[in-house]
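Colleague: If you want the building blocks of each chain, they are given just below.
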Amino acid sequence: MRWILAVAAVSALLFWFLTQPVALSPEDLPEHRPDANNGQRIYYAGGCSSCHGTDLGGGLEMPSEYGTFLVPNISTDPVEGIGDWTTIQFINAMMLGVSPDGRHYYPAFPYTSYTRMKVQDVIDLKAFLDLQEPVERQVGSHQLGFPWSFRRGIGLWKIRYLEQGAAVDTVGQDALIQQGRYLVEGPGHCGECHTPRDRFGGLQTGWWLAGAPNPDGEGRVPNITSHQDGLKSWSQSDIAYYLESGFMPDFDTVGGSMVKVQENMARLPEADREAIAAYLKYIPARSRKGD
Amino acid sequence: MVRVSGIITALFLLFPLSQAMAGDSPQEQRHELMEDSKGAAKSIGGMLKGEVDFDAGLAMESLKTWQGVGADFGGLFPAGTETGHDTEASPAIWTDRAGFDEELSKFNAAVDAAIKANPTSLAELKPAAGPIFKSCKSCHEGYRVEEED
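Read top to bottom, the protein sequences are chains A and B.
So in my numbering, spot 203 of the first sequence is number 203, and the numbers just go up one at a time.
So in my numbering, spot 31 of the second sequence is number 31, and the numbers just go up one at a time.
Rather than coming from a laboratory, the hints here were simulated on the basis of the structure.
Once the Cα atoms are required to be at most 20 Å apart in a straight line, the calculated SDA-like pairs of lysine to any residue come out as:
| id | chain 1 | residue 1 | chain 2 | residue 2 |
| --- | --- | --- | --- | --- |
| 1 | B | Lys126 | A | Glu244 |
| 2 | B | Lys49 | B | Gly130 |
| 3 | B | Lys137 | B | Asp112 |
| 4 | B | Lys49 | A | Gln262 |
| 5 | B | Lys126 | A | Asp250 |
| 6 | B | Lys134 | A | Gly256 |
| 7 | A | Lys260 | B | Glu141 |
These numbers were taken from a predicted model, which means no experiment stands behind them.
Please take these sequences and the hints and turn them into a complete structure.
Modeller: Below, the structure is given as C-alpha cells:
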C-alpha cells in the first residue's frame with residue numbers, strides 16, 4: 001500500500017515539474033527600440049483581427065472537438081484587455097503561451113507558430129497594439145470538458161508540440177524564400193489551418209500545408225503546397241496576386257475564413273506577398289492526407 | 001468539304017439546343033452567367049496582372065459580357081430555386097433580397113462606368129476595372145456559399 005502512495009507522489013511531483021510553465025524574464029530581452037510601423041505590418045501578417053475582431057475586443061466563440069474557446073479581448077483596456085501588460089508579459093504570451101499570472105494558454109491561440117517569431121517583431125507588435133483604442137468588453141471563460149479543462153496538462157502538450165525550429169528548412173536558400181518562411185511559419189501562422197492535426201491537436205508536419213479538415217465545419221482547408229491537389233498550376237505571381245486581390249488564377253474569388261486573411265495580407269508590403277509566394281512554391285509538394 | 005459543312009450544320013443545330021439545355025433551370029442559368037463572368041474577368045485580369053498585353057477591343061468585349069450578365073442575373077432567383085443543381089447561392093439572397101440587389105447594382109454601376117470610360121490603355125483600364133472586381137468579391141462574401149470542389 002505504501003509503495004502505491006510513493007509512486008503516486010513521485011508521479012505527481014514529476015507531472016508538476018514537467019508541466020511547469022516556462023517564461024522569460026526582462027533580462028532575457030535584446031536591446032530594441034519599438035517600431036510601431038513594423039508592428040502594424042506584423043499585425044496584418046498575423047491577421048490578429050480575424051479572430052480578436054477589428055476592435056480587438058474579442059468575444060468570438062470558436063467551437064472545437066474539445067469544447068468552445070472564447071477569443072479574449074486584446075484591446076488596451078487595462079481591465080478587460082491587455083492594456084496593463086508589460087513587454088515581457090506580452091512576449092511570454094505570444095511566444096511561450098504563458099499568461100501574466102503564469103498559466104498555460106490553450107494552443108487555440110497559435111503561439112505554436114508565434115514561437116518562431118523574432119522577439120523584436122513581437123515588441124514592435126505590442127507597440128502598435130498599444131496605440132489602439134480600449135474596448136470595455138468582458139469575455140467569459142472557455143467552455144471545455146474534462147480533461148481539456150485541466151490547464152496544467154498543456155505543459156505536457158508543449159513538450160511534445162511546441163517547436164521553435166523551422167517546419168521547412170530554408171537555410172542557404174534565396175533571401176525571398178527565407179523571408180517567406182518566416183512570415184508563413186511565424187506571424188502568418190498559415191500551418192494552423194492548412195496542416196492537419198493529430199488526435200491531441202498537434203500539427204502533423206509530415207503533411208505541412210497540405211490541407212486539412214475545415215475547423216469551421218464543412219469542406220476542407222485547401223492544400224497550398226505545389227502538389228496537384230494544391231497549387232501546382234499556380235505560378236508564384238498567381239499566389240502573390242491572389243493575396244493582393246482575392247482573385248484566383250481562374251478569377252474565382254477568395255471565400256470562407258480566408259477572406260479576412262487575404263484582406264490583411266493585401267495590406268502587407270508587396271515584397272512580403274512575393275516572399276510568401278516564393279516560399280509556398282519552394283516547400284515540398286505533398287498530397288493531402290487521406291481522411 | 002462535305003465534312004466541314006456537316007460540322008457547321010451540326011453546330012447550328014446544336015447551338016439552340018445548348019442554349020435550351022443551359023436554360024433548363026434558373027440554377028443552371030445562374031451558373032452559366034457566372035462562368036461567362038469569370039471568362040470576362042480572366043481576360044481583363046490577365047491584362048491587369050501583366051500576363052497579356054492590353055487589348056482595348058477585348059477589354060470592351062469583356063465589359064459588355066459583364067453588362068449582359070448584370071442585366072439578367074438578378075431575375076434568376078425565383079422562390080423554389082434556393083437549392084438544387086449544386087447551387088452556391090446563399091440563402092441570404094432570399095432572406096435579404098434588398099442587400100443582394102444593392103450588391104448587384106454596385107456591380108452594374110461599376111460596369112456601366114467602365115464602358116463609359118472606354119479605356120484605351122492599361123493605365124485607364126486599372127481604375128475602371130477595380131470597382132468591378134471589388135463588387136464581385138463583396139457580393140460573393142455575403143451571398144455565395146463555398147462548395148467543395
